[in-house]
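Asker: Going down the list, the sequences are from chains A and B. Position 106, counted from 1, in the first sequence is what full-length UniProt numbering calls 106; the numbers after and before it change by one each time, with no gaps. Position 113, counted from 1, in the second sequence is what full-length UniProt numbering calls 113; the numbers after and before it change by one each time, with no gaps.
Since the hints were made in silico from the structure, they are not lab data. It should be emphasised that the depicted structure is a prediction, and the values quoted were computed from it without experimental measurement. Note that beta-carbon positions come from the ideal geometry of N, C-alpha and C, so glycine has one too. Treat the hints with care, as some may be off.
Claimed, not checked - Covered, in the sense of this in silico footprint (three residues per stretch, anywhere, with C-beta under 8 Å from a C-beta of chain A), are these stretches of chain B:
no.	stretch
1	170-177
2	199-209
3	239-251
What the hints assert, rightly or not - Among chain A residues calculated to face chain B with C-beta under 7 Å, some are:
no.	residue
4	134
5	354
6	371
What the hints assert, rightly or not - Here are the simulated SDA-like cross-link-like pairs (lysine to any residue), alpha carbons at most 25 Å apart as the crow flies:
no.	chain 1	residue 1	chain 2	residue 2
7	A	303	B	77
8	A	393	B	6
9	B	263	B	101
10	A	347	B	51
11	A	398	A	435
12	A	344	B	162
13	A	245	A	535
14	A	279	B	171
15	B	263	B	6
16	B	263	A	219
17	B	263	A	240
18	A	344	A	365
19	A	462	A	347
20	A	292	B	165
21	A	504	A	526
22	A	303	A	240
23	A	393	B	101
24	A	344	B	99
25	A	347	B	77
26	A	531	A	209
27	A	347	B	263
28	A	203	A	240
29	A	347	B	6
30	A	393	B	171
31	A	398	B	150
32	A	245	A	528
33	A	392	B	171
Below are the chains, spelled out letter by letter.
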Amino acid sequence: MPELLSVKNLKIEATSYPPGEPPKVVTLVEDVSFDLQKGKVLGLIGESGAGKSTIGLSALAYGRGGCRITGGEVLLNGRDILKLGRGGINSVRGRHVCYVAQSAAAAFNPAHKLGDQVIEASLRHGIMNRDEATKRALYLFRVLGLPNPETFGDRYPHQVSGGQLQRAMTAMALCPNPELIVFDEPTTALDVTTQIDVLAAIKHAIEETDTAALYITHDLAVVAQISDDIMVLRHGKTVEYGTTKQVIEAPREEYTRALVSVRQAKRDEAPDQTDTLLKIEHVHAGYANGFKVLHDVSMHLPKGQTLAIVGESGSGKSTLARVITGLLPPSEGRITFEGKELPKALKGRTNDELRRIQMIYQMADTAMNPRQTVREIVGRPLSFYFGMHGAKKTERVKELLDQIEMGTRFLDRYPAELSGGQKQRVAIARALAAKPELILCDEPTSALDPLVAEGILNLLLKLQEETAVSYVFITHDIAIVRAIADSVAVMHRGRLVRFGPKSKVLSPPFDDYTDLLLKSVPEMEIGWLEKVLKTRRMESAGN
Amino acid sequence: MNLRSIPFSAWIGIIGIAVALLCALFAPVLAPFGEREVVGEIWLPAGGDFLLGTDNLGRDLLSRLIYGARTTIFVALAATVLSFALGMILSFTAAVTGGFVDQFFSRFNDLMMAVPTLIFALVVLAVLPQHLWILVLVMAVLDSTRVFRIGRAVALDVAVMEFVEAARLRGEGNVWIIFREILPNTLSPLLAEFGLRFAFSILFLSTLSFLGLGIQPPAADWGGMVKDNKDGIIFGISAALIPGAAIAALAICVNLVVDWLMKRTSSLKGGRGDA
């Protein structure tokens, strides 16, 4: 069978401009080769910076943000598309090769109706006339399982959910009947219960239309469900390239094995859960516009332990964190901390009460002032709460940096000069500097690569052992909950579904929602997707 | 920071500003003639005793230009700095506090902006006694409405960032949040605005002088000199163009320096991109 896409010795470079230094040429991708046949799916796996998106875009002969394809060949049906001129490449893009972006919400033009955007490429390339294209879009909406396919095209991007938008984008890519689609992390930004539906829809649509696909993701479990072959990438080089079965079941390289077996952080549940530190009783909360987010939520957290709050986006779990911190005063209910009721609003709390509850955010980038150095970021709580200054403060900052396993050479760096994992570590150090009794972790690892996230989780566990700090850990990732929690609260649409010790919450009998949530977590097993879709009891809502 | 890292364009700006400041500081030493001294025929061409010629009353143009640097730069700079101090503090307070304070400041600002600047200035200056500091103050207050607009917009963008929330959670007061968290992250757009506003201040001062409410003759200022000599243009005498060129040159120099500062503050190191 002839190859549809054949990439040979691809080399991609970019020029970086470090401040105060002469520009440098950086090699992003080196010597990557693969073949893809008609109707097959190749999964590109790697952490951020592995060059997987860059490689995916090279199938459209496109270099993003100053990337240049400097070597190798990209043969589409035997024709090197890198050698095509501007006009030539335009006739390939959107006709033979289409692209599905990660964030559909950002990739759709909010000012146009979805239907018009879905058929735009087909019309532009003169593949179909408007009637044919609309008919095909309708067919694709049906195949992708979108609700009310007849009227779906009349809606604007903001009127549909994230999962639906991602499927609409897939429809847009499939509409001109391309031979190849590049999926760039299409489900990464979605909730697990939504992800499973989108994944199933994409898989079904690819099979139905017999299109080949490059599927880019960092989640090996996801790619195992959908691809025929897998290529593992690291630092722009191929680590391993083989069939899905071989890569998942018998990985040859060390790095692949690490990816397959990630999540070793594990802690058994604390047996004694009586000494309560934080108690949330019948809390109701909502925003000023009258929109109520939390309904009668009660839970408690024993001292020195971890309470995991699980739920999808919109379940109110982050709102609960805001209620605990006092940023959003609850309308009813009370929060007790060490047996004393906390003032509801931030303004009513003393500095000492504030000091005892610290927070770690999901995005470490935005949680730290980009114009302060690590020394200032970590040092501020020290001078603010403890009045430290001068050498004593520096000494303590160094100690904290040691504790988070970063050296003192990071003292005078700015956040922009740190990697994602390092930034999150600095954020942890800032929280630790206040000597808190409780740290609220709002999805601290979900923006990180699996191996880096693993490092952060291990660090959090180590710090808990050393300082006996308690965590409220907000996450959507059941695997993390299994690894680190003592007690678990499952939230759904602002209500508490299930609460108790980990062993009890995560074992049957389940209520319908917990069942759905637990079953939606992709497992590294071929054929898992089909199995789950057959056995689950509840449809995920509105997607 | 080392001197080598300053780009060529910024050097031009720095030198230009330095020359203007030197003229302003040492005007009596540098100027060949007195500010108000009538030394020859009117509108003599450049050359000979008078390097740039003479003006409409026969005063030495170069001397007046040097003396004029004093008033022009002082008034424009003072007005701009004052307007920024006022506008930024009020706008940041509005953005950080929100609610009633924000509404009050913003609506009051709208009210001020609803009256055309020039008419407002004319009315106020006509009523108040003619002192230099009153002129500076009026210019600053009127200009600060523009600064308030921009300041509030950029501060609102930053105020919703998580690091500001983190500072609030720590228990920091508004002063820390305004000056340490928000201000450093809004410098780039504000600096750009500063360069522009400074140039506008010079022009506004010239306009006021032209209408007789700015710097009072016989004191020299660049805008006033343009006005004094404007009639000469009809007769092909270029005396009015010289102070005009000085205004343009100073505005360009200030903007060259501001551009460089902006690049520095928005560079990757400790920056937030091209904001």
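Asker: All the hints need checking, so say for each whether the structure fits it.
Answerer: Checked hints:
For the stretch 170-177 of chain B, the assignment as covered by chain A holds, since 3 residues bring a beta-carbon within under 8 Å of that chain's beta-carbons and 3 suffice. By the rule of at least three residues with a Cβ nearer than 8 Å to a Cβ of chain A, the coverage given for the stretch 199-209 of chain B is violated, with 0 such residues. With 0 residues bearing a CB less than 8 Å from a CB of chain A, the stretch 239-251 of chain B misses the requirement of three and the coverage assertion fails. For the restraint placing residue 134 (chain A) at the interface with chain B, the shortest Cβ-Cβ distance is roughly 40 Å, beyond the 7 Å limit, so the hint is violated.
Here the hint on residue 354 (chain A) is kept, as its CB sits about 4 Å from the closest CB of chain B, short of 7 Å. Checking residue 371 (chain A) against chain B by beta carbon gives a least distance of about 4 Å; that is within 7 Å, so the hint holds. About 60 Å separates the Cα atoms of residue 303 (chain A) and residue 77 (chain B), which puts this hinted pair outside 25 Å; it is violated. Restraint check for residue 393 (chain A) and residue 6 (chain B): the C-alpha separation of about 34 Å exceeds 25 Å, so the hint is violated.
Between residue 263 (chain B) and residue 101 (chain B) the CA atoms are separated by roughly 34 Å; this puts the pair beyond 25 Å, and the hint is violated. About 68 Å separates the Cα atoms of residue 347 (chain A) and residue 51 (chain B), which puts this hinted pair outside 25 Å; it is violated. A hinted pair counts as satisfied when its Cα atoms are at most 25 Å apart, and residue 398 (chain A) with residue 435 (chain A) qualifies at roughly 15 Å. At most 25 Å may separate the alpha-carbon atoms for a hinted pair to count; residue 344 (chain A) and residue 162 (chain B) meet this at roughly 21 Å.
Straight-line distance between C-alpha atoms of residue 245 (chain A) and residue 535 (chain A) comes to about 23 Å, which keeps the hinted pair within the 25 Å bound. A threshold of 25 Å between alpha carbons decides the hint, and for residue 279 (chain A) with residue 171 (chain B) the separation of about 22 Å falls inside it, so the pair holds. For the suggested pair residue 263 (chain B) and residue 6 (chain B), the alpha carbons sit about 11 Å apart, so the restraint of at most 25 Å is met. Between the alpha carbons of residue 263 (chain B) and residue 219 (chain A) the distance comes to roughly 39 Å, so the proposed pair goes past 25 Å and is violated.
A threshold of 25 Å between alpha carbons decides the hint, and for residue 263 (chain B) with residue 240 (chain A) the separation of about 43 Å lies outside it, so the pair is violated. At most 25 Å may separate the alpha-carbon atoms for a hinted pair to count; residue 344 (chain A) and residue 365 (chain A) exceed this at roughly 29 Å. In summary, the hint linking residue 462 (chain A) to residue 347 (chain A) is not supported, as the alpha carbons are separated by about 33 Å, beyond the 25 Å threshold. At roughly 22 Å between alpha-carbon atoms, residue 292 (chain A) and residue 165 (chain B) fall within 25 Å of each other, so this suggested pair holds.
Restraint check: the Cα-Cα separation between residue 504 (chain A) and residue 526 (chain A) comes to about 29 Å, which exceeds 25 Å; the hinted pair is violated. At roughly 45 Å between alpha-carbon atoms, residue 303 (chain A) and residue 240 (chain A) are farther apart than 25 Å, so this suggested pair is violated. Pair hint residue 393 (chain A) plus residue 101 (chain B) does not hold up; C-alpha atoms about 37 Å apart against a cutoff of 25 Å. Proximity of residue 344 (chain A) to residue 99 (chain B) is assessed by CA-CA distance (about 19 Å); at most 25 Å being required, the pair is judged to hold.
Under the criterion of a C-alpha separation no larger than 25 Å, the hint pairing residue 347 (chain A) with residue 77 (chain B) is inconsistent with the structure, at around 40 Å. Note on residue 531 (chain A) and residue 209 (chain A): the hinted pairing holds, with a Cα-Cα distance of about 23 Å set against a maximum of 25 Å. In summary, the hint linking residue 347 (chain A) to residue 263 (chain B) is not supported, as the alpha carbons are separated by about 38 Å, beyond the 25 Å threshold. As the CA atoms of residue 203 (chain A) and residue 240 (chain A) are separated by approximately 24 Å, the hinted pair is consistent with the 25 Å bound.
Between residue 347 (chain A) and residue 6 (chain B), the direct Cα distance comes to roughly 46 Å. Violation of the 25 Å bound is thereby established for this hinted pair. Distance restraint check for residue 393 (chain A) and residue 171 (chain B): the Cα-Cα separation of roughly 19 Å lies within the 25 Å cut-off, and the hinted pair is therefore satisfied. At roughly 40 Å between alpha-carbon atoms, residue 398 (chain A) and residue 150 (chain B) are farther apart than 25 Å, so this suggested pair is violated. Proposed proximity of residue 245 (chain A) and residue 528 (chain A) is supported: the alpha carbons are some 13 Å apart, at most 25 Å.
A hinted pair counts as satisfied when its Cα atoms are at most 25 Å apart, and residue 392 (chain A) with residue 171 (chain B) qualifies at roughly 22 Å.
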